[in-house]
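Asks: Listed below are the residues making up each chain.
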Amino acid sequence: MLGGRRTRGERMPRGFLIALAAKNLARHKRRTLITASAIAFGVAIFVAMSSLLEGFAAENNRNVSRYETGDAAATAPGYWDERETLPLDRVIETPQEILEALEREGIPAAPRVAFRGELIVRYDPFPEDGSIQRTFYGIDVERDPEVFGLSEAIVEGRFPHAGQEEVVIGRWLAERLGAEIGYPISVTTRTRDGFHQIMDLEIVGIFNTSNPILNRYQAFLPIGVADEYLEMRGAVTSIHMSLPGTLPSEADTEPVREVLSDFDHVEFLSFERLNEEFAEIMEMENASNAIILLLLGLIAVVGISNTMLMSVLERENEIGMMRAMGFRNGEIRSMFAYEAAGIGLIGAIGGVALGSVLVWLSVSYGLDYGVLMDGAEMDFRFDGVLYGVWNVPTMVASAAFAVVLAGVVAIVPTRRILRRSITDSLRHA
Amino acid sequence: MITVHEVHKDYIDGETRVHALRGVSMDIDSGEFLSIAGPSGSGKTTLLNIIGCIDTADAGDIDIDGERVAGRSKRELTEMRRQKIGFVFQNFNLIPVLTAYENVSMSLSLLGVSQEETQERTMGLLAEVGLEGMEHRRPSRLSGGQQQRVAVARALIKDPLIVLADEPTANLDSETGEAILELMKDVNRRRGTTFVFSTHDHMVMDYAARLCRLHDGLIESDERRSA
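Residue numbers (the working numbering), protein chains in the order written: chain A, 1 to 429; chain B, 430 to 656.
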């Protein structure tokens, strides 16, 4: 009686189920498009936000490395943990030996003396009297440009000369003080031994870096002048190094570690350590990004789930027929999962396309926070225009996530309908 | 070929227990053209569903092709339907996004039949049921009668042990209904396919070679006639 070729337990070809799912997608084009649009919106926002966040992190790292810390640093043990107070009792007493050792290894390095002081300006030539607390750095004007980009950021005047009582300040600060080249300032501070000290300096240069922390809060003078006024006796608070690569790897830092291992009372600080505050901020940013992703995912889940529920309920009779014909529940589940994944795919393609446009805009033109940031307190190292970066893996991952999520979401409504008896489904009008 | 033995089935309708089948027994031989007739609520659809393994009996048993149905898992019942049973539904139940060809060939996809054989068998069968040239039409572009022909072809394509048709002409006008019955009868004669169909329509009953009347869940009469 049984004719034809057949095999027991044969599996329905996946190609047929995918083709059927694709055809089913076209049944309710508008509904498919609306759901896919919600997914596209989520994917696009995520892609654009990731691009900006990554651009933000890259810009921050670049600005920290180029203007504040270098790629690695050495301090006296414990100095970095107390850096908020800029202690002058935790110093490297013999920096010259370390600098020479680093030089022998071909590692560019520059010493700095960091201290806090009250910057005082007086009426005439300044528009008014006043004072403001700022962080000052004594820098080695010869070595500093080998590690930092400050000398290239001078927009007015010049870089200070060694041994001269000169200072360079940021343009943001200069504008607010009404300072110009040649104006005198006074700085009150305390010496290494804790005595009050006052320094008279001349503004010889105004810089404008892409790091607003420098532009607003920091001023730089020759290290010899700082040494003399602060009675450092040749000691420095830190030595900064330039290493190959944007973010030096463990292997890049190895020669530095080796050099420093010959010296007592010196602590090596990797870029990760130097930048750990920002890394913590980025972790929080990433966490908030994850929450946004979760919310967008939730919108997509509700949308797909609703669409698939409607789809499944409308086709209950058809599902009953398919089960009667011998379709396995798994095959029907797969068909609906492919269908939902198809909606996810349309949404993902649309989302990546829209996201790419947003990323292109952010890479080309950036997002200008300048007006918002101008008067605000600044913790981040970017100068107001936030540029995105292209991140293809994130785009691919978010698209894949949307497709998989959509496919998985379809399981719930399909399972609900498959729990009903075939006869009940067939009776469904 | 199929033995139905003392089958009972109850339904709960609200707070009332409905005895749909109250001990039905019958044998169905290969090549029969059997009509299960009776008024609405007599239990004919329930009996067809149980024979078709899409519903289970509360008591009693069914043997299909020597295999006991009782105690089988859902998966085993699915395999049995997939391999051995064809269905024709009252409202055709074609998949609207598939063409006539695809609706029919789908059954062969389930069995893993090669594409060449699928094409050969599907085209042959569509021609046999009078749908030559309409293979690429979707159900919306077919009349009710043509749709039911597609449904008949879909049931037949896998060469099933039995084709179960629940009121196959109920949604068709009498002329189209008769044409469908002629088609089924013709297939039964030429291929020897076993057909079991339910009806309450006297015109349809007249086509049956064997007429089994159900009343209140019991077989009232079972007569074999020359068609």
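One thing to keep in mind: the hints can contain errors.
[To be verified] Simulated DEER-style distance windows between Cβ atoms:
no., chain 1, residue 1, chain 2, residue 2, range
1, B, 460, A, 37, 50 to 58 Å
2, A, 54, B, 505, 51 to 59 Å
3, A, 30, B, 456, 50 to 58 Å
4, B, 448, A, 30, 45 to 53 Å
5, A, 314, B, 618, 36 to 44 Å
6, A, 15, B, 505, 24 to 32 Å
7, B, 549, A, 54, 27 to 35 Å
8, A, 317, B, 488, 44 to 52 Å
9, B, 460, A, 16, 38 to 46 Å
10, B, 448, A, 291, 56 to 64 Å
11, A, 280, B, 502, 51 to 59 Å
[As the list claims (entries may be wrong)] Some but not every residue of chain B turned toward chain A, in silico, with C-beta under 8 Å:
no., residue
12, 477
13, 478
14, 481
15, 507
16, 510
17, 511
18, 524
19, 530
20, 538
21, 645
22, 648
23, 650
Worth flagging that the hints you see were computed from the coordinates, not collected in a lab.
Built from N, CA and C at the ideal position, the CB exists for glycine as well.
Asks: Against this structure, judge whether each hint is valid.
Replies: Against the structure, the hints:
1. B:460 x A:37: 50 to 58 Å: holds, 57 Å
2. A:54 x B:505: 51 to 59 Å: Holds: the Cβ-Cβ distance is about 55 Å, inside 51 to 59 Å.
3. A:30 x B:456: 50 to 58 Å: holds, 54 Å
4. B:448 x A:30: 45 to 53 Å: holds, 48 Å
5. A:314 x B:618: 36 to 44 Å: holds, 39 Å
6. A:15 x B:505: 24 to 32 Å: holds, 26 Å
7. B:549 x A:54: 27 to 35 Å: Since residue 549 of chain B and residue 54 of chain A have Cβ atoms about 58 Å apart, the given range 27 to 35 Å is violated.
8. A:317 x B:488: 44 to 52 Å: This hint is violated: roughly 29 Å between Cβ atoms.
9. B:460 x A:16: 38 to 46 Å: For residue 16 of chain A against residue 460 of chain B, whose Cβ atoms are near 32 Å apart, the range 38 to 46 Å is violated.
10. B:448 x A:291: 56 to 64 Å: Holds - the Cβ-Cβ distance for residue 448 of chain B and residue 291 of chain A, about 59 Å, lies within 56 to 64 Å.
11. A:280 x B:502: 51 to 59 Å: Because 56 Å falls inside the window, the suggested range holds.
12. 477: violated, 10 Å
13. 478: The hint holds - residue 478 of chain B has a Cβ within 8 Å of chain A, the shortest such distance being about 5 Å.
14. 481: holds, 7 Å
15. 507: holds, 6 Å
16. 510: holds, 4 Å
17. 511: Because about 3 Å separates residue 511 of chain B from the closest Cβ in chain A, which is inside the 8 Å limit, the hint holds.
18. 524: holds, 6 Å
19. 530: violated, 13 Å
20. 538: holds, 5 Å
21. 645: violated, 20 Å
22. 648: Cβ of residue 648 of chain B sits 21 Å from chain A, so the hint is violated.
23. 650: Since chain A brings no Cβ nearer than about 26 Å to residue 650 of chain B, farther than 8 Å, the hint is violated.
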